[in-house]
Amino acid sequence: MNQSDIAETETIVPRHPVRWHILVFLAPAFLVYTAVMILPLVETLRLSLFNVVDGTMAFVGLANFQRLFGDPRLAADFWNALWNNTIFFLIHMAVQNPIGIALAAMLSLPGLRFAAFYRSAIFVPTLLSFVIVGFIWKLILSPIWGIAPGLMDLVGLKSLFGPWLGKPESALITVSLISVWQYVGIPMMLIYAALLNIPDEVLEAAEIDGITGWGQFWKIKLPLILPSIGIISVLTFVGNFNAFDLIYTVQGALGGPDGATDILGTLLYRTFFGFQNQMGNRPMGATIATVMFLIILAGVSLYLFVIQRRIRRYQF
Amino acid sequence: MNRILKGMLFATTVLAPAGMAWAQETTLTIESWRNDDLPIWQEKIIPAFEAKHPDIKVTFAPMAPTEYNSAVNAKLEAGTAGDLITCRPFDLTLAMFEKGQLAPLTDLPGMENFSDVAKSAWTTDDGSTTFCVPMASVIHGFIYNKAAFEEVGVEVPKTEDEFFAVLEKFKEDGNYIPLAMGTKDQWEAATMGYYNIGPNYWKGEEGRKALIAGTEKLTDAQWVEPYATLAKWKDYLGDGFEAQTYPDSQNLFTLGRAAIYPAGSWEIAPFKSQADFEMGAFPPPVKAEGDQCYISDHNDIGIGLNAKSENAEAAKTFLTWVASPEFADLYANSAPGFFSLNTTPVVMQDELAQEFVSWRQNCETTIRPSAAIVGRGDPNLDLEMWRVSANVINGTMTPEQAGEETQKGLDSWYKPKQ
Amino acid sequence: MSKARSSPIRSSLIHLALISYTLIALFPVFLTLVNSLKSRNAIFRDPMALPTPKTFSLIGYETVLSQGDFLGYFQNSMIVTVVSIALVLLFGAMAAFALSEYRFRGNMMMGLYLALGIMIPIRLGTVAILQGMVATGLVNTLTALVLVYTAQGLPLAIFILSEFMRTVSDDLKSAGRIDGLSEYAIFFRLVLPLVRPAMATVAVFTMIPIWNDLWFPLILAPGEETKTITLGAQMFIGQYVTNWNAVLSALSLAILPVLVLYVIFSRQLIRGITSGAVK
Numbered sequence: 001m002n003q004s005d006i007a008e009t010e011t012i013v014p015r016h017p018v019r020w021h022i023l024v025f026l027a028p029a030f031l032v033y034t035a036v037m038i039l040p041l042v043e044t045l046r047l048s049l050f051n052v053v054d055g056t057m058a059f060v061g062l063a064n065f066q067r068l069f070g071d072p073r074l075a076a077d078f079w080n081a082l083w084n085n086t087i088f089f090l091i092h093m094a095v096q097n098p099i100g101i102a103l104a105a106m107l108s109l110p111g112l113r114f115a116a117f118y119r120s121a122i123f124v125p126t127l128l129s130f131v132i133v134g135f136i137w138k139l140i141l142s143p144i145w146g147i148a149p150g151l152m153d154l155v156g157l158k159s160l161f162g163p164w165l166g167k168p169e170s171a172l173i174t175v176s177l178i179s180v181w182q183y184v185g186i187p188m189m190l191i192y193a194a195l196l197n198i199p200d201e202v203l204e205a206a207e208i209d210g211i212t213g214w215g216q217f218w219k220i221k222l223p224l225i226l227p228s229i230g231i232i233s234v235l236t237f238v239g240n241f242n243a244f245d246l247i248y249t250v251q252g253a254l255g256g257p258d259g260a261t262d263i264l265g266t267l268l269y270r271t272f273f274g275f276q277n278q279m280g281n282r283p284m285g286a287t288i289a290t291v292m293f294l295i296i297l298a299g300v301s302l303y304l305f306v307i308q309r310r311i312r313r314y315q316f
Numbered sequence: 001m002n003r004i005l006k007g008m009l010f011a012t013t014v015l016a017p018a019g020m021a022w023a024q025e026t027t028l029t030i031e032s033w034r035n036d037d038l039p040i041w042q043e044k045i046i047p048a049f050e051a052k053h054p055d056i057k058v059t060f061a062p063m064a065p066t067e068y069n070s071a072v073n074a075k076l077e078a079g080t081a082g083d084l085i086t087c088r089p090f091d092l093t094l095a096m097f098e099k100g101q102l103a104p105l106t107d108l109p110g111m112e113n114f115s116d117v118a119k120s121a122w123t124t125d126d127g128s129t130t131f132c133v134p135m136a137s138v139i140h141g142f143i144y145n146k147a148a149f150e151e152v153g154v155e156v157p158k159t160e161d162e163f164f165a166v167l168e169k170f171k172e173d174g175n176y177i178p179l180a181m182g183t184k185d186q187w188e189a190a191t192m193g194y195y196n197i198g199p200n201y202w203k204g205e206e207g208r209k210a211l212i213a214g215t216e217k218l219t220d221a222q223w224v225e226p227y228a229t230l231a232k233w234k235d236y237l238g239d240g241f242e243a244q245t246y247p248d249s250q251n252l253f254t255l256g257r258a259a260i261y262p263a264g265s266w267e268i269a270p271f272k273s274q275a276d277f278e279m280g281a282f283p284p285p286v287k288a289e290g291d292q293c294y295i296s297d298h299n300d301i302g303i304g305l306n307a308k309s310e311n312a313e314a315a316k317t318f319l320t321w322v323a324s325p326e327f328a329d330l331y332a333n334s335a336p337g338f339f340s341l342n343t344t345p346v347v348m349q350d351e352l353a354q355e356f357v358s359w360r361q362n363c364e365t366t367i368r369p370s371a372a373i374v375g376r377g378d379p380n381l382d383l384e385m386w387r388v389s390a391n392v393i394n395g396t397m398t399p400e401q402a403g404e405e406t407q408k409g410l411d412s413w414y415k416p417k418q
Numbered sequence: 001m002s003k004a005r006s007s008p009i010r011s012s013l014i015h016l017a018l019i020s021y022t023l024i025a026l027f028p029v030f031l032t033l034v035n036s037l038k039s040r041n042a043i044f045r046d047p048m049a050l051p052t053p054k055t056f057s058l059i060g061y062e063t064v065l066s067q068g069d070f071l072g073y074f075q076n077s078m079i080v081t082v083v084s085i086a087l088v089l090l091f092g093a094m095a096a097f098a099l100s101e102y103r104f105r106g107n108m109m110m111g112l113y114l115a116l117g118i119m120i121p122i123r124l125g126t127v128a129i130l131q132g133m134v135a136t137g138l139v140n141t142l143t144a145l146v147l148v149y150t151a152q153g154l155p156l157a158i159f160i161l162s163e164f165m166r167t168v169s170d171d172l173k174s175a176g177r178i179d180g181l182s183e184y185a186i187f188f189r190l191v192l193p194l195v196r197p198a199m200a201t202v203a204v205f206t207m208i209p210i211w212n213d214l215w216f217p218l219i220l221a222p223g224e225e226t227k228t229i230t231l232g233a234q235m236f237i238g239q240y241v242t243n244w245n246a247v248l249s250a251l252s253l254a255i256l257p258v259l260v261l262y263v264i265f266s267r268q269l270i271r272g273i274t275s276g277a278v279k
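From first to last, the protein sequence lines stand for chains W, L and X.
For reference, each letter of the first sequence is one residue, going 1 to 316 in full-length UniProt numbering.
For reference, each letter of the second sequence is one residue, going 1 to 418 in full-length UniProt numbering.
For reference, each letter of the third sequence is one residue, going 1 to 279 in full-length UniProt numbering.
Each hint should be verified, as a subset may be incorrect.
Selected chain X positions facing chain W (in silico; Cβ < 8 Å) [to be verified]: (1) Leu16; (2) Ser20; (3) Thr22; (4) Leu33; (5) Phe56; (6) Ser57; (7) Leu58; (8) Tyr61; (9) Ala95; (10) Ala115; (11) Ala151; (12) Ile208; (13) Glu224.
With a cut-off of at most 27 Å between alpha-carbon atoms, the simulated DSS-like pairs for lysine-lysine come out as follows [as the list claims (entries may be wrong)]: (14) W:Lys167 with L:Lys234; (15) L:Lys415 with L:Lys57; (16) W:Lys167 with L:Lys232; (17) L:Lys217 with W:Lys138; (18) L:Lys57 with L:Lys158; (19) W:Lys138 with L:Lys234; (20) L:Lys287 with L:Lys272; (21) L:Lys234 with W:Lys158; (22) L:Lys408 with W:Lys158; (23) L:Lys417 with L:Lys209; (24) L:Lys57 with L:Lys217; (25) L:Lys203 with L:Lys408; (26) L:Lys171 with L:Lys203; (27) W:Lys167 with L:Lys217; (28) W:Lys167 with L:Lys415; (29) L:Lys415 with X:Lys54; (30) L:Lys209 with L:Lys146; (31) L:Lys57 with L:Lys203.
In short, the hints are calculated from the structure, not lab data.
Ideal Cβ placement from N, Cα and C applies to all residues, glycine included.
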């Protein structure tokens, strides 16, 4: 661990005139990805500059964007969804990732018994489909079926129970926590892998210096897994701002009650594909998709160009 | 062996003269959102058709109702949709027809079996072209638990005061949840609530047409009052009704834990198979004894022809059969609660279904106010009504606000013809 | 070489924390499995109780098994998932290696280009994808799903793998080059084994959205022969939404194979992770 990545990029790379192997390495991924993902998506983004004028598709420039931000109702829906999405993301950052790191830190302690069992069990929710997660949690939280109220009764907290998924003030937090429950396995696994990758010599050296337990975690391990935490944050950001399925299965495409759980994904779905008696509006849907794309692009660029460059990366 | 067979098949397809094509077996695929009806189609309807037309095979391919509209649209655009498309009523399917995705069916043999009212849900605004064969309508009302009514000693309510008196009795008694309805899925609040009781206030078709003409507004008393009545339901719904879903409500009622279920007639068949007590039904109560009653009798389901279908002839044969009295009888009796729109009267075996239909004799019928003309814009009036109805029952919005918000949304795109 | 110098108190606190979280994670699954074995009334009356001889009922499973070809659905899901993961790992690792190992003009641009896909849900391209599949005659084939999932999985795989490949020691690769290994040999023989933990991680992350996807099976392959287990379960829920016996049984049937697979797979996963760690 003596070289940082800046030094790494300076290492000797053979400079042949044409390095065909680079092409071979890149080609399969590039081709599949371009043909099946990028071209269809470009087609969609292109749509955001078009609209139906007098029955035919015509180029309208940025008029769709003007409408999205100018029309009071559309703009209100959009800002509401963006705001809800931001809260959704913040809850994941504040709850999911710390829990994931804490679990990984505990699991990676040497000599911990049953570690394999815990690790497997905690990862199970991540494997379940939204169909299952949505259905089960709706049942558990249902005031009719009485599991949650029954459990809270056991600890004497029954009076605190409420129809959380149906109340505008609690629905978003509840759904976010369900999502955290489902996905906590991902940061846990990534951090766990990163922690296992720390060479024993480093930890032994730390112990010789008398740094153990909590101190060792904060002073030695945490700095070493910072790049992984960076990846996780960016993945959480991207995942949350693309989220759709869980809200859709738990709260429906309308993101109820009264739009309290409407996020960008559900707004986009309704606008693009239509919902119930509302026809899909492809150009406006594409416009929202483009804005989402720009938001996520901004976030990821921030990570790539500002944060990632400041994180020291170590080679073992 | 297989290869020879394939070769022969290939040869016949390529070499056979075009006129021979009819001799081959054609397979038709029906796109539908009625996944509840899958067994009915597989076991009763399709065999009945195939018995008469052995050269045509039919596949019923339903999907979840929530995904139907978006998935079927995507498939139509790409040209992979089935030959027959189940039609939602009014504006939604009209838009599909206008995009050229559905074929005109005005001259289809069998269309003469339907009245103009029945066809109105699938006909262009000028009345010139019909594009789906009407299949069934649904009627709103209330289904009740007869045993519970006897136990608590109440009569079927006729007026609104009586209705709330019955609810109050059940509440005092405490053994039953008076009304089985939740607001979580939103659509129940509007469909089983507002559209159910509303016609008595806005006088059915009279109010609906006045709304389209612009002479009535959603902020007028007759459109706001039903919200006020809905708001009073709140006290009689189960604990935590804000998080109660549609299946929750259905289960509450069929497990005998609730007394009254604000219903659509499509519930009849599933309720019959799940409830082990006797059920009755009553129409939405009127305001005062002797008032004219109005019910929502909504054209709900039709079936049309994919304009790009390669089996258009076979598909038309099937559609003509759907328009026949034979189908009407078969469908109305296998799916009680979906009432035939065919002019030939159908004798229904199911008592509860008969009860619903009997209201047509005394009450004026109307369709859902947000379905036609005023339902084709953005914001969508139907979805807006779901939202505000749920809000009003939850108590997060006043009836007046509900009227104002929906009218504002409507004004933003709809200009009545002068 | 465990260095557990932790006190018994600390270790029991850690166990307590892990056990509580494990309970939270498993409780809903447990609830589903248990209630799928009870009669409808018992599910409602006492959802927490274990099935007793009186409330035990297999009616839900009978409904499920008589209604759909769940074994066939499961097989479809397996094929699609396994093939897609294999392609994502192979293509993804190759591209990640090219990006992290070589300096060439356009490297940065290519990296950004391949990362774009993380940011837009592929669902948005549905209509164009469907048209493409129609044009190539791939509708209602598992190939269509495999192509879409491979494309969908690649950006994230490349992103994670190139991050990990940067931590592979340069000395090793230089030594390989001095020994006259080709670039392909360096990749397959030296680098790939070292990033096994990352590969295992990517495999799991790729698997989840594929196994659980509802949308593309619905649009691209809704036919009875190509239906996946998630689509099968969802349609079943739609149809039997008030029949909780049946729904819970269907969900259990959808959960069990994943659990079994994971139990088998997780050993490999962990072995991969630990063997990758340089000791």
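Pair hint lysine 167 (chain W) and lysine 217 (chain L), alpha-carbon separation not exceeding 27 Å: Judged against 27 Å, a Cα distance of about 30 Å means the pair is violated.
Does the structure keep lysine 167 (chain W) and lysine 234 (chain L) at a Cα separation of 27 Å or less? holds (14 Å)
Less than 8 Å between beta-carbons is the criterion; does threonine 22 (chain X) satisfy it with respect to chain W? holds (4 Å)
Next pair to validate is lysine 287 (chain L) with lysine 272 (chain L); report whether the Cα-Cα distance is within 27 Å. This hinted pair is violated, its Cα atoms lying about 30 Å apart.
Interface restraint verdict for phenylalanine 56 (chain X) against chain W (beta-carbon cut-off 8 Å): Phenylalanine 56 (chain X) check fails; min Cβ-Cβ to chain W is 20 Å, beyond 8 Å.
For the hint on tyrosine 61 (chain X), just tell me whether its beta-carbon gets within less than 8 Å of chain W. With Cβ-Cβ at 16 Å, over 8 Å, it is violated.
Hint consistency between lysine 203 (chain L) and lysine 408 (chain L) [alpha-carbon to alpha-carbon, up to 27 Å]: Status holds; Cα separation ~22 Å.
Could you grab the alpha-carbon distance between lysine 167 (chain W) and lysine 415 (chain L) and see if it respects the 27 Å cut-off? violated (36 Å)
Is lysine 408 (chain L) within 27 Å of lysine 158 (chain W), Cα to Cα? violated (42 Å)
Should the interface hint for serine 57 (chain X) be scored as holding, given a Cβ-Cβ cut-off of 8 Å against chain W? violated (18 Å)
Given glutamate 224 (chain X) as an interface hint, is the shortest Cβ-Cβ distance to chain W below 8 Å? violated (19 Å)
CA of lysine 415 (chain L) to CA of lysine 57 (chain L), is that 27 Å or under? Not satisfied, since the Cα-Cα distance of roughly 47 Å exceeds 27 Å.
Of the numbered hints given earlier, the model fails hints 1, 2, 4, 5, 6, 7, 8, 13, 15, 17, 18, 20, 22, 24, 26, 27, 28, 29, 30, 31; all others are met.
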